[in-house]
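Please model the entire structure based on the sequences and the hints provided.
There are 6 protein chains.
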Amino acid sequence: MQFEDLNWMQVENYLKSDDRVMLVLGACEQHGYLSLLTDVKIPLALAQTASQKSGVLLAPPVNFGCSPYFLDYPGTISLRLHTYLDVVEELLRSLYGAGFRRVLILNGHGGNTPVKTHLVELVNELTDLNLRWHAWWTSDTLFTIAKKHNLDPEHANWLEAFEFTKVSPLPADSKSTPYPPASILNKTDTRKYYNDGSFGGSYEVDSAIMQEIFDASLEDVMELLRFE
Amino acid sequence: MQFEDLNWMQVENYLKSDDRVMLVLGACEQHGYLSLLTDVKIPLALAQTASQKSGVLLAPPVNFGCSPYFLDYPGTISLRLHTYLDVVEELLRSLYGAGFRRVLILNGHGGNTPVKTHLVELVNELTDLNLRWHAWWTSDTLFTIAKKHNLDPEHANWLEAFEFTKVSPLPADSKSTPYPPASILNKTDTRKYYNDGSFGGSYEVDSAIMQEIFDASLEDVMELLRFE
Amino acid sequence: MQFEDLNWMQVENYLKSDDRVMLVLGACEQHGYLSLLTDVKIPLALAQTASQKSGVLLAPPVNFGCSPYFLDYPGTISLRLHTYLDVVEELLRSLYGAGFRRVLILNGHGGNTPVKTHLVELVNELTDLNLRWHAWWTSDTLFTIAKKHNLDPEHANWLEAFEFTKVSPLPADSKSTPYPPASILNKTDTRKYYNDGSFGGSYEVDSAIMQEIFDASLEDVMELLRFE
Amino acid sequence: MQFEDLNWMQVENYLKSDDRVMLVLGACEQHGYLSLLTDVKIPLALAQTASQKSGVLLAPPVNFGCSPYFLDYPGTISLRLHTYLDVVEELLRSLYGAGFRRVLILNGHGGNTPVKTHLVELVNELTDLNLRWHAWWTSDTLFTIAKKHNLDPEHANWLEAFEFTKVSPLPADSKSTPYPPASILNKTDTRKYYNDGSFGGSYEVDSAIMQEIFDASLEDVMELLRFE
Amino acid sequence: MQFEDLNWMQVENYLKSDDRVMLVLGACEQHGYLSLLTDVKIPLALAQTASQKSGVLLAPPVNFGCSPYFLDYPGTISLRLHTYLDVVEELLRSLYGAGFRRVLILNGHGGNTPVKTHLVELVNELTDLNLRWHAWWTSDTLFTIAKKHNLDPEHANWLEAFEFTKVSPLPADSKSTPYPPASILNKTDTRKYYNDGSFGGSYEVDSAIMQEIFDASLEDVMELLRFE
Amino acid sequence: MQFEDLNWMQVENYLKSDDRVMLVLGACEQHGYLSLLTDVKIPLALAQTASQKSGVLLAPPVNFGCSPYFLDYPGTISLRLHTYLDVVEELLRSLYGAGFRRVLILNGHGGNTPVKTHLVELVNELTDLNLRWHAWWTSDTLFTIAKKHNLDPEHANWLEAFEFTKVSPLPADSKSTPYPPASILNKTDTRKYYNDGSFGGSYEVDSAIMQEIFDASLEDVMELLRFE
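Protein chains in written order, with my numbering: chain A, 614 to 841; chain B, 614 to 841; chain C, 614 to 841; chain D, 614 to 841; chain E, 614 to 841; chain F, 614 to 841.
Just so you know, these hints were derived from the structure itself, not from any lab.
You may find that some hints are simply not true.
Since the list gives no way to pick out one identical chain from another, each pair is judged satisfied if it fits inside one copy or across any two copies.
[As the list claims (entries may be wrong)] Calculated lysine-lysine pairs in the PhoX-like style (CA-CA distance at most 25 Å, straight line):
{"id": "1", "residue 1": "Lys779", "residue 2": "Lys760"}
{"id": "2", "residue 1": "Lys805", "residue 2": "Lys779"}
{"id": "3", "residue 1": "Lys761", "residue 2": "Lys729"}
{"id": "4", "residue 1": "Lys629", "residue 2": "Lys779"}
{"id": "5", "residue 1": "Lys666", "residue 2": "Lys629"}
{"id": "6", "residue 1": "Lys805", "residue 2": "Lys629"}
Below is the structure:
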């Protein structure tokens, strides 16, 4: 039930009985040893599974986000925040125009969070738009699991090392977490600061933990899709 | 050799010996009976094959384009032209910042053509950026093949009916091509005008012709990638 | 019946019985040996004659367009595409606000074509605005005449060499047409590529041919003004 | 010596010995009984004469300005202030890019005055651009003449009633000047307030006075063109 | 009756019986020997007194304005004109949204004047918004007093030297007024031109005159607040 | 050592021996029973005290922020996020242009947080700008104190009820904290959801606790001002 597998008549038909849709916001940015598309792949995997289980439509992912701090890591592609605000707003306006009224945004990238503030301006105008924003790695569900296993979730560490985000072998040791910088780092200093790009901790953990996390995150999404 | 299968270290390594990259611009819009993502799928298929054959890197596709005329067909998601100009510019700035100097844009959607004019402003500034823009369906190669088979290439007719863009059975008959409207149609009138969304002619043709077209289009891309 | 020869009371009076108006979009850019205002002068001449014959009002011309590629030729004055989209939109909003409902845009410059896409966004909003866009040099009428005389129409060649666009003697010989460049040229390379600025072919042809072209182009305009 | 009578080679040649140029900013707006293009025609007439006398080049006029208050008078065509700031900036960037370093802006319309503030931002960047802004009706020269003849200069009264701005007979009587409104009027209230559009006083005066004003205004322009 | 001394319930209560509010626009820019906030302090002092006398609410001041010409004087903080237009528009939209319908803008800085033109666009949309713009130093009241005392009002001279704007001793002598420059000065030339930043004349005058001016200016504000 | 108490010569003198400055970002928005300017008053009080103790300059506060969700509470004045990004960027550019190189932003309002992402784009350009962002209510210091006293810090509850933010009596009881909404609320629903505007918990606590918090928060600021 992804847009890519449908034509417009099928979407029109769907809208006769449902008005829900999921939209994935990601990023194309350094994730240490992991795929540059990690922030797309994780929410997209969750969304695809949730779509199969719930029948809720899934729009094409936005493959880019706001990652100005990582621009000195080759392969990072970043939109200016100004532009990104407009992009997300306009995608939502198109979906709203077609008749979708309940939209679950599955955001995979922390740098996209400012969009949430902008979307308040949008729902102030489109008052019957029920808009939800979910960032899978910020849910209580996840923190509980991480704590249980005595793990710190961080950018580009074990947290994001699913089988489908790995593109090369990962270091066996763990990285000591750098102390958070007190100033807003520019792209050059960010690379000096984080070196390989991981924010520290173990690079990967047992696949059973990753499955546990995926399953719990999926349940979060399924719950949000109920729009209760 | 797609960004999604690479991490930043691998891109950095690639840049030591090559500075070429492909970027696919698509659209999410009605294509009659074909997939809403037809304009992504075709240039992406060409780019993936060309990447395998040439080793040239392929950035993630832009899944959206400018399709204001089709907004009354559900499933169409359109960016404003203003926004789209900025999106493409900023993606290119990121790639340029990483060291890419020869970029082949594979555009799958006619509505995105205005970006070309904007990109002149960009190359006026980034004077050592070698930027190519290719719209597969506008090449002489294609017209020659279409003419040979006595076929008219049009939006959402046989021209775009590859196996990988079909999502439902196609009508067996052909559609009489409507006379082009003299005024700039708004979205409501556009839907009235084109009904099922195809711009006319046969809905599909023999798969051998489609293979001939794909192969010839691929050769166009391979030639452009030589940057001679 | 041009705005410059009227006051507001006269326009108000006109609007009681007609709601048509013409708007000329031009450019101030190199045209080889021809006037820098060639792209204004040609559609303006057509519009003035059509206005006299039809009584349809003619708004003041936009003397500038998008010509970023020609900025290394002195005398070229170019607006950014972003700005030009807004300019044309706002002129149309003013005309619409006054009561004009049928507008024929006579565009004289290829670089302005992206505006057409933007205007779809406008007619999506102003649904009772009947907006037509005409670029005289792209009409079938013209191609037929050019073909009949075995001539290739190109930027700044014979095609635009009317008596009223000539400002200096023209070369007697013809220029071999350069092969179209495969990359998007920046302004410096554009000047190197085109030298004197003409895109090739004869610099001028017999005045009878030019009259034939003008007359046929005028008939195109007259036909479009019927808004049928 | 207007751009419309020149090709790019002639401008390039001019720039070898001079770097001055004039740019006319006007408006297309109600002027009572006078031409809608009055604010273009007056500075353009001054500029054309000054160009003939001085040899300084004259760029094509900007036929539109900011006239939001007059939008209820048909025939008024107004750009948003945001857009107008960009338009003037970009025209100047083109001229600067070509090598012009001394630019005299001849503004014919009071509503365009905010651009002056924006141009300070431009000269902060282009530090060797000598930019002058002249609004003919605000010069001491003019006030002295008006006072001598016991006349009040106002929008669309005798002040602007040159032979070349008249498009219909003018009322023989004079209009009592309305007291300036204390609030910022919207377009509807503006029309109610000013009725025929003149801001009051005599509609026309003896042609000798108009000639005296034109001659004095021309001398202002000639003086400014010396850039001393 | 300033916003800072109220909570939202109190504002809501106020709106049941009145719909007037004052908004101060200032600047943070060089004022010679006077406070960098001079352009905030003066209209704010007037507004606070007027609020006490009239009971009309006073919104928080905008502490910044458009001062691009003074950017070479340290302590000057300037917004681009584009941004400032949006800032003032959006503040007014918020006030309007809350129910305020009569707004008196007390502007303290000449560089902010372009906003007035932009606000016409706003009242064209919000047709029941009664918006007044007052710049205390441009009133006839003030000119009459200055003339009576044979004083020239100028930026950063005696005119703005109230007790509450002084932050250091003032020169006892007076400064000869420089002749107004004929070109638009950039920030570097502006500083060279004005040296200490005053535009000339006496640096201070007798406090009785200042009181006379303050009282008269206050009466202007009180009169405008009647919205008659 | 606030800008309002200084002239430009004094700032220029300061810059000879120091390049630090503080900038307060606030909001004018509902804070339940507390002052509409609460988000300005708290960081400003901290900044003023820190300035006295450290001698570091303090720029004028930005009295407005992004509060689209609270626009149905009268007295809330909100800027669009797009505009706010530009405002903060431009203030910083002015300070940087004057020679300030270490800037501590003291943000008082959660809705302004998106600006941080935008500022990365700025430091990518101004690479020698050391920019710190501090939101007093998010520091570990504060959480420790709150926890010690078994208090939950929330918008418009005891956390912000300093003597200088109170403008009316506060309820003696406490408010049960509403469960966070799962959807992005529009302004109408936000008001329904939060009623009096407090996000729950006690409305005020013992003044000794408030002093403890202020002192600890001040120490945070003092530490950050060391720029180590």
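Hints, verified against the model:
In the homo-oligomer, the alpha carbons of Lys779 and Lys760 lie at most 25 Å apart inside one protomer (23 Å), although the nearest pairing across protomers, at 40 Å, exceeds that limit. In this assembly of identical chains, the alpha carbons of Lys805 and Lys779 lie at most 25 Å apart only when taken from the same copy (23 Å versus 46 Å across copies). Taking the closest pair of Cα atoms, Lys761 and Lys729 never come within 25 Å of each other, the shortest separation being 30 Å inside a single copy and 32 Å across copies. Taking identical chains as interchangeable, the C-alpha atoms of Lys629 and Lys779 lie at most 25 Å apart only when they sit on different chains, with a minimum of 23 Å there against 40 Å within one chain.
In the homo-oligomer, the alpha carbons of Lys666 and Lys629 lie at most 25 Å apart inside one protomer (20 Å), although the nearest pairing across protomers, at 45 Å, exceeds that limit. In the homo-oligomer, the alpha carbons of Lys805 and Lys629 lie at most 25 Å apart only across protomers (20 Å), although the nearest pairing inside one protomer, at 54 Å, exceeds that limit.
In this structure, only the earlier hint numbered 3 is contradicted, and the remaining ones agree with it.
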